[in-house]
Amino acid sequence: MNTFQEKTNLTRRQFLRGSGVLAATAILGGILAKFGFNVQARSQEYIAQRANGLYSLDERMTLRKSHENPEILQIYKEFLSPGGVTPLSEKAHHLLHTKYGDEIPELIAELKQHSHQAA
Amino acid sequence: MSQVKGKVLKHAGQTRLMHWIHLICFVILGITGLGFYFKIITIDYIFGGIGNASVVHRWLGVVFTVGPLLYILTNFGRFSRFIDTISTFTKDDFKWLKTMGGYIPGLKGEVPPQDKYNAGQKLLGWLVIICCFLFFVTGFPMWLWRHAMPPQLLGLCYDIHFWDAVIAILAVAGHFFLAAIHPKSRVEFASMMTNGYVEAAVSAHHNEKWFATLQNDSELKA
Ligand code: HEM
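As given, the protein sequences belong to chains A and B, one line each in that order.
The numbering of the first sequence is our numbering, which starts it at 39 and goes up by one.
The numbering of the second sequence is our numbering, which starts it at 1000 and goes up by one.
Simulated from the structure, these hints should not be mistaken for lab results.
From a predicted model like this one, the values you see are computed outputs, not experimental measurements.
Worth double-checking, as some hints may not be accurate.
[Claimed, not checked] Once the Cα atoms are required to be at most 30 Å apart in a straight line, the calculated DSSO-like pairs of lysine-lysine come out as: (1) Lys1090(B) to Lys1183(B); (2) Lys115(A) to Lys103(A); (3) Lys1004(B) to Lys45(A); (4) Lys115(A) to Lys137(A); (5) Lys45(A) to Lys1090(B); (6) Lys150(A) to Lys137(A); (7) Lys1107(B) to Lys1097(B); (8) Lys45(A) to Lys1208(B); (9) Lys1208(B) to Lys1183(B); (10) Lys1208(B) to Lys1090(B); (11) Lys129(A) to Lys115(A); (12) Lys1183(B) to Lys45(A); (13) Lys1090(B) to Lys1107(B); (14) Lys1208(B) to Lys1004(B); (15) Lys45(A) to Lys1094(B).
[Said to hold, decoys possible] FRET-style restraints, in silico, Cβ to Cβ: (16) Ala62(A) to Ile1159(B): 18 to 24 Å; (17) Ile1039(B) to Arg50(A): 46 to 52 Å; (18) Ser1053(B) to His105(A): 39 to 45 Å; (19) Gly1124(B) to Ala86(A): 45 to 51 Å.
Virtual Cβ for every residue (Gly too), placed ideally from N, Cα, C.
Given the sequences, and given the hints that come with them, work out the whole structure.
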């Protein structure tokens, strides 16, 4: 069969244009990637500083555990579970737990009732 | 039309392979991407759920990037000839654009001789390069740096990525129509999608300038 093909040699102009486009793409991509890596590094640095800040604030507190906080213990003894400290007592559950989703309308109704009683 | 007999090898094996890989990736990336944007949950389910569709999109993005890159590095000569062709615009190319190569009904005029790629294909070549570059430089940050970037910058990446997809999909749709459906040019389809050959007579007519530079194998062997 009579077949035709491209010449496989590379002229100087072809080489320069090919490498030019490749180099331009690589440089532009490289600059953007460098920018991205800097942003990433800065963000990591911020996260590390913020975590350190929180830990050191925490370390400086005199009372670091809520279940050892005398005021909390007193609230339990006198109000939430009279006579002892019982976390998750019925009153504690009712007053300290939040409501969400489907429970919200019920909560609103309950709050309204309280405000009527207070009035 | 020239009556020259024989066949022309227009697209080499590796070029066809790269074109296939890029095509398949592009179609799946486009489908999953539009699924994310328009929240078409059915598309996500086809790819195994929202999370999996996202994983498919990201890793196909890797193939979409590495495929052409490997091709360029291993076929630097072919790549350079391609870039040289699409960056050469002569009077004939501008004249081609004026008549749109005779593809648009109503736009009459003589179509000047063209290179391996006509002026429209040359523009598409640049559009594809620019669009792909934008996919890379927005897609990877959206994946790898999404928690590090300021939200405005991440949002900008999403916007650019989406509009880039819109432009690329429209351009590729036009490309598909001309290369696979339009009766004047659909011979190209078999060449890129199967064995790489086109009839010499077709090539001598559509790509006259390029055809003149080719070498004949039988002359080489003689
Ligand atoms: C370099 C290759 C690519 C990479 C790394 C990439 C990565 C991503 C990522 C990370 C997202 C965010 C959604 C998610 O994480 O699930 C995304 C969204 C998207 N991608 Fe790509 N992608 C690439 C190529 C493409 C291509 C070729 C197209 C279209 C033809 C495309 C179309 C889209 C669209 C439409 C969205 C939704 C954008 C939005 O919600 O605003 N992507 N891509």
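Hints, one by one, checked against the model:
1. Lys1090(B) to Lys1183(B): It holds: about 23 Å lies between the C-alpha atoms, which stays within 30 Å.
2. Lys115(A) to Lys103(A): Measuring from Cα to Cα gives roughly 18 Å; hence the hint holds.
3. Lys1004(B) to Lys45(A): holds, 19 Å
4. Lys115(A) to Lys137(A): The hint holds at about 25 Å.
5. Lys45(A) to Lys1090(B): Holds. Lys45(A) to Lys1090(B) sits at ~25 Å (cutoff 30 Å).
6. Lys150(A) to Lys137(A): Within the cut-off at roughly 15 Å; holds.
7. Lys1107(B) to Lys1097(B): holds, 9 Å
8. Lys45(A) to Lys1208(B): Status holds; Cα separation ~14 Å.
9. Lys1208(B) to Lys1183(B): Answer holds: Lys1208(B) to Lys1183(B) is near 19 Å, not above 30 Å.
10. Lys1208(B) to Lys1090(B): holds, 13 Å
11. Lys129(A) to Lys115(A): With a Cα-Cα distance of about 12 Å, the restraint between Lys129(A) and Lys115(A) holds, given a limit of 30 Å.
12. Lys1183(B) to Lys45(A): This hinted pair holds, its Cα atoms lying about 27 Å apart.
13. Lys1090(B) to Lys1107(B): The given pair, whose Cα atoms are some 18 Å apart, holds under the 30 Å limit.
14. Lys1208(B) to Lys1004(B): Measuring from Cα to Cα gives roughly 17 Å; hence the hint holds.
15. Lys45(A) to Lys1094(B): Judged against 30 Å, a Cα distance of about 27 Å means the pair holds.
16. Ala62(A) to Ile1159(B): 18 to 24 Å: 19 Å Cβ-Cβ, so the 18 to 24 Å window holds.
17. Ile1039(B) to Arg50(A): 46 to 52 Å: holds, 51 Å
18. Ser1053(B) to His105(A): 39 to 45 Å: At 42 Å between Cβs, range holds.
19. Gly1124(B) to Ala86(A): 45 to 51 Å: With Cβ atoms ~46 Å apart, the hint holds.
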